[in-house]
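Heads up, this note's numbering is the position in the sequence shown plus 21, with the first residue counted as 1.
Quick caveat, the hints were computed from the structure, so don't treat them as lab data.
Only a predicted model underlies this, so the values are computations on that prediction, with no experimental measurement involved.
A portion of the hints provided could be inaccurate.
As the list claims (entries may be wrong) - Across the chosen pairs, the derived CB separations fall in these ranges:
#: 1; residue 1: E408; residue 2: V219; range: 31 to 41 angstroms
#: 2; residue 1: N269; residue 2: L80; range: 30 to 40 angstroms
#: 3; residue 1: Y75; residue 2: R112; range: 26 to 36 angstroms
#: 4; residue 1: Y268; residue 2: I326; range: 36 to 46 angstroms
#: 5; residue 1: Q73; residue 2: G337; range: 25 to 35 angstroms
Virtual Cβ for every residue (Gly too), placed ideally from N, Cα, C.
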Amino acid sequence: MSIPEIESLGIFIFVFGGVAFRNVLRLKQPIWLFFLIGALATVALGVLTPQQAYQSIDLQVIVFLFSMFIIASALKMSGLLGEVGALISKRSSGWPSLVLFFLIFSVASAFLMNDPLAIIGTPVGLYLSGIAGVEAFPFLLALAFAVTTGSEMTPMGNPQNLLVAVESGMRAPMIEMTQWLLLPTVVNAALALAVLRVAYKRSRPAGDPAIELLTAKDKRLRRVAIAGVAVTVIGLFVVNWLQLLGYNPPLDISGVALLGSAIVLGLGGKERELLYDVDWGVLVMFAGLFVVTQGMWNSGLVRAIAGIIPPPTPNGSLALIMLPSIVLSQIISNVPMVALYMPLMREAGFGPTSYRAWATLAAGSTLAGNLTLMGAASNLIIVQEEEKHRGKSSMDFWRFAVYGLPLTALNCLVLYAFLFLRDKDLNRRLVYRIIGPRSVISRITSASALSIS
């Protein structure tokens with residue numbers, strides 16, 4: 022191995038080893054600090070120049086994450102989430118409340134990014150578990166499965182899907198990814214509920230009182246937050262439709278999200294509070310991630326590691342994409358895995374029109390989050406948020422894996438069935454009936470626009 026490869030390997034071991042064994046070693050340092058130190062070491066050791074390090078940071082992803090954090094914070098601060106928790110507890114209790122909790126956050130994670138939803142969903146899960154009189158574990162496991170499974174089918178569902186959408190160069194990623202992944206997402210959500218039923222039956226009685234949720238109504242912020250969500254979601258669909266028709270819209274997906282967050286910041290009346298509530302540590306973590314992974318690529322370490330794994334080819338089996346994405350995500354988490362694997366796929370000949378391959382990478386790396394705590398950053402966020410509210414966590418690596426392992430095995434079979442054995446025409450027809458130019462949603466949107474004008 023060359024000196025740059027050895028240096029990059031040492032940085033990799035420090036960063037991802039620190040994240041993996043942080044709880045075992047009882048380290049209290051935040052996860053983002055490991056990535057920041059790794060990025061600084063990458064530059065200090067000369068693996069990357071400062072200019073290369075700056076250029077490696079995908080600002081489109083950072084801006085998108087920041088924008089979604091602003092919108093999610095507004096939803097939380099407006100008291101809307103408190104009302105969601107109260108509504109769930111009033112309409113149901115026990116197992117039905119867990120089902121409703123799972124369904125709400127599954128659907129939301131397809132449109133609002135799973136990491137901020139993991140942050141704002143944790144106190145709701147703690148509240149509902151206390152009301153139900155059971156430990157927090159089944160509700161937080163439901164949240165973890167919900168924000169992973171629900172985010173599988175869209176570019177804005179999670180950071181790794183966003184990376185695939187941006188870095189692959191595919192046109193209309195919202196439409197293309199949904200066409201391939203809508204149906205397997207629905208089936209996988211049903212499977213997750215079946216596994217959660219077992220976890221709920223095995224749960225212990227509550228050992229902690231229910232936490233209180235913010236329910237104070239800030240009507241102005243609520244209206245603005247809902248408007249920000251509407252602008253972002255509708256804007257993303259419009260941008261993708263224009264791209265699908267061959268046009269180049271003035272805003273990309275990060276620009277649309279930034280517009281939605283600008284509405285919230287400009288009209289919500291709580292700019293400082295919203296900016297303070299942003300999880301800046303997550304943004305630092307992603308910036309450090311980009312630098313560390315680029316250093317691993319430039320040093321040749323990625324190619325050396327990839328030489329051990331059979332490389333994917335455009336005409337080869339998609340199992341060579343799905344299986345490494347699930348397994349490697351347990352070692353380095355799913356976002357770093359995608360960041361490292363995409364250059365290999367592009368180098369192997371995958372292009373912007375390799376939709377099935379990119380959908381496989383996105384779905385495989387996302388569903389890896391259902392296997393273990395290390396499989397997704399959103400899982401680690403839930404653990405950290407529970408520790409922040411309770412001073413301890415009910416989820417550990419092995420307890421999570423007991424339920425995650427069978428679920429992920431079933432998820433893989435479903436994904437194989439829909440991506441490998443079936444043509445996407447069925448998915449395409451269903452998606453276009455839901456969100457296409459002649460769909461009910463499109464007609465309602467057009468009618469609303471005409472009435473406003």
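Evaluation of the provided hints:
no.: 1; hint: E408 <-> V219: 31 to 41 angstroms; verdict: 25 angstroms, violated
no.: 2; hint: N269 <-> L80: 30 to 40 angstroms; verdict: 19 angstroms, violated
no.: 3; hint: Y75 <-> R112: 26 to 36 angstroms; verdict: 50 angstroms, violated
no.: 4; hint: Y268 <-> I326: 36 to 46 angstroms; verdict: 40 angstroms, holds
no.: 5; hint: Q73 <-> G337: 25 to 35 angstroms; verdict: 32 angstroms, holds
Comparing the model with each earlier hint shows violations of hints 1, 2, 3; every other hint is respected.
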